[in-house]
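Undergrad: Take the given structure of chain A and dock chains B and C to it, following the hints.
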Amino acid sequence: MDIIALITAFALILIGLFGILSNRNIIKIIIGFSVLDTGLHVLIVTLGYIRGGTAPILDDSVGLTQVSQKVVDPLPQALVLTAIVIGLGVTALMLAYALKMYQAKKSLNIDDYKELKG
Amino acid sequence: MNLLLIIILCLVMLVMAITAIAQKKLTVAVIASGMVGLMASVLYLLMAAPDVAMTEAAIGSGLTTVLFFYVLFKIKKTQ
Amino acid sequence: MIRNFVILLILAGLAVIFISLFGNHDSNSGLSPLAQHYADRGAEEVGAANLVTAVVVTYRGLDTLGEVTILFLVAAIVSFFLKTNGKVKEEEKKRETSEIMLTASKLLLPIVILLGVYIFINGHLTPGGGFQGGAVLATALVLVLMANPEFSLNHHIIATIESISGIVFVAVGVLGLLLAGGFLDNRILPLGTLGELFSAGAIPVIYSFIGLKVGAELSNVLSRFQIIQKEEM
Numbered sequence: 001m002d003i004i005a006l007i008t009a010f011a012l013i014l015i016g017l018f019g020i021l022s023n024r025n026i027i028k029i030i031i032g033f034s035v036l037d038t039g040l041h042v043l044i045v046t047l048g049y050i051r052g053g054t055a056p057i058l059d060d061s062v063g064l065t066q067v068s069q070k071v072v073d074p075l076p077q078a079l080v081l082t083a084i085v086i087g088l089g090v091t092a093l094m095l096a097y098a099l100k101m102y103q104a105k106k107s108l109n110i111d112d113y114k115e116l117k118g
Numbered sequence: 001m002n003l004l005l006i007i008i009l010c011l012v013m014l015v016m017a018i019t020a021i022a023q024k025k026l027t028v029a030v031i032a033s034g035m036v037g038l039m040a041s042v043l044y045l046l047m048a049a050p051d052v053a054m055t056e057a058a059i060g061s062g063l064t065t066v067l068f069f070y071v072l073f074k075i076k077k078t079q
Numbered sequence: 001m002i003r004n005f006v007i008l009l010i011l012a013g014l015a016v017i018f019i020s021l022f023g024n025h026d027s028n029s030g031l032s033p034l035a036q037h038y039a040d041r042g043a044e045e046v047g048a049a050n051l052v053t054a055v056v057v058t059y060r061g062l063d064t065l066g067e068v069t070i071l072f073l074v075a076a077i078v079s080f081f082l083k084t085n086g087k088v089k090e091e092e093k094k095r096e097t098s099e100i101m102l103t104a105s106k107l108l109l110p111i112v113i114l115l116g117v118y119i120f121i122n123g124h125l126t127p128g129g130g131f132q133g134g135a136v137l138a139t140a141l142v143l144v145l146m147a148n149p150e151f152s153l154n155h156h157i158i159a160t161i162e163s164i165s166g167i168v169f170v171a172v173g174v175l176g177l178l179l180a181g182g183f184l185d186n187r188i189l190p191l192g193t194l195g196e197l198f199s200a201g202a203i204p205v206i207y208s209f210i211g212l213k214v215g216a217e218l219s220n221v222l223s224r225f226q227i228i229q230k231e232e233m
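Protein chains in written order, with the numbering used here: chain A, 1 to 118; chain B, 1 to 79; chain C, 1 to 233.
Here chain A stands alone, though its shape is the one from the complex (with noise of 0.2 Å):
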């Protein structure tokens, strides 16, 4: 059940990063680093799972005794929750610095911006 899981979330990442390089407009490529970004969440989520458990919450069903039998992972858990927000921090940023590229320009299209190449 989790093998279909990351044969998505790999898929994810191909098409993000796909997207990525192949686009030629710049809010496209932010939209590109944002399906990358949820690819490897769900990878990294998908990569604690134990087949059989349960969510890592201390409530009747689970009980206090034996608890690592039961429940699934907690540590990928805490580190996917730090890395959405962060990955929302990182959009903003690069939304912004679109925008003043825009007014400074008057286009979107990232191969009119020629002045750091070679």
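Think of the hints as simulated: they come from the structure by calculation, not from any bench. Here a beta-carbon is modelled for each residue, glycine too, at the ideal position from N, C-alpha and C. Errors might be hidden in some of the hints.
[Unchecked claim] Per label pair, the in silico range of CB-to-CB distance:
hint, chain 1, residue 1, chain 2, residue 2, range
1, B, Leu72, C, Val205, 38 to 44 Å
2, C, Ile111, B, Leu72, 25 to 31 Å
3, C, Ile7, A, Ile3, 26 to 32 Å
4, B, Thr27, C, Gly195, 44 to 50 Å
5, C, Ile100, A, Ile3, 43 to 49 Å
6, B, Lys76, C, Ile17, 39 to 45 Å
7, C, Ile17, A, Gly63, 39 to 45 Å
8, A, Leu47, C, Leu179, 35 to 41 Å
9, C, Ile70, B, Leu72, 23 to 29 Å
10, C, Ala76, A, Met101, 19 to 25 Å
11, B, Leu72, C, Glu99, 24 to 30 Å
12, C, Pro110, B, Lys76, 30 to 36 Å
TA: Frame of chain A, contents of chains B and C only:
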């Protein structure tokens, strides 16, 4: 039952991702990327991760789409 | 066309690497020893019913401090980039927001704020916590901005909330250094019984201030993006 749900979710996610990077109109692409986040949020719930599902639903498919639409609206108004 | 072909070649190479990684992966049959320690001893050492909260705030508290710093940097840089000139465009005749939208937003706003505060206060008992609660608070602001576009956030109040929350978060961490085991140790307040609201030591306090800080920062970023709609650019 769970297996069928996961297969449907993953298929919809892949179709939406390909739409997001290949569609010419920007509004459709932004909404498709929001849909990818929404499907991922339900997938997290099926992978026994409710905290991550809540975070992805609020941030990945809510706030990111709103940010994109602010920028698109500003660019369209300036054109 | 040739560029697309080269990109596809590179991605095919990456796909081969992924397939070899995927073939070597066998599904876990049990937790790793570190995760076993977190799961078995988490309840008595930290006292929180939500194990992910225990890991995020206590066991890996320094990562949370780093993330709060990154969010602060993002809010500062976005405010710096989207600085307004102050020139307001000439007023175009806009359509008024409909009556249903205004009334519904006024009815929904207290409920959404209450939900956000509930989520981060109960972070150690149920799924939730500071980041989710902060995101829901930012969504409340989006609701207000969508309903009446003339609404302008008072930036001084937001900056004050954010600064005070950050200072209190670091102060609680330093208190943990002075009074208990280490930085951001939650045993400075009594651990209590598992499952009650006032349990898990200082975790409710820490998570509440993280939630307020994240909510204030995301609201600041969103309101900057909304202010430039009216400006000359």
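Undergrad: Evaluate each hint against the coordinates.
TA: Going down the list of hints, with the structure as the test:
no. : hint                           : verdict
1   : Leu72/B x Val205/C: 38 to 44 Å : 40 Å, holds
2   : Ile111/C x Leu72/B: 25 to 31 Å : 29 Å, holds
3   : Ile7/C x Ile3/A: 26 to 32 Å    : 27 Å, holds
4   : Thr27/B x Gly195/C: 44 to 50 Å : 47 Å, holds
5   : Ile100/C x Ile3/A: 43 to 49 Å  : 47 Å, holds
6   : Lys76/B x Ile17/C: 39 to 45 Å  : 41 Å, holds
7   : Ile17/C x Gly63/A: 39 to 45 Å  : 42 Å, holds
8   : Leu47/A x Leu179/C: 35 to 41 Å : 37 Å, holds
9   : Ile70/C x Leu72/B: 23 to 29 Å  : 26 Å, holds
10  : Ala76/C x Met101/A: 19 to 25 Å : 20 Å, holds
11  : Leu72/B x Glu99/C: 24 to 30 Å  : 28 Å, holds
12  : Pro110/C x Lys76/B: 30 to 36 Å : 34 Å, holds
Of the numbered hints given earlier, the model fails none.
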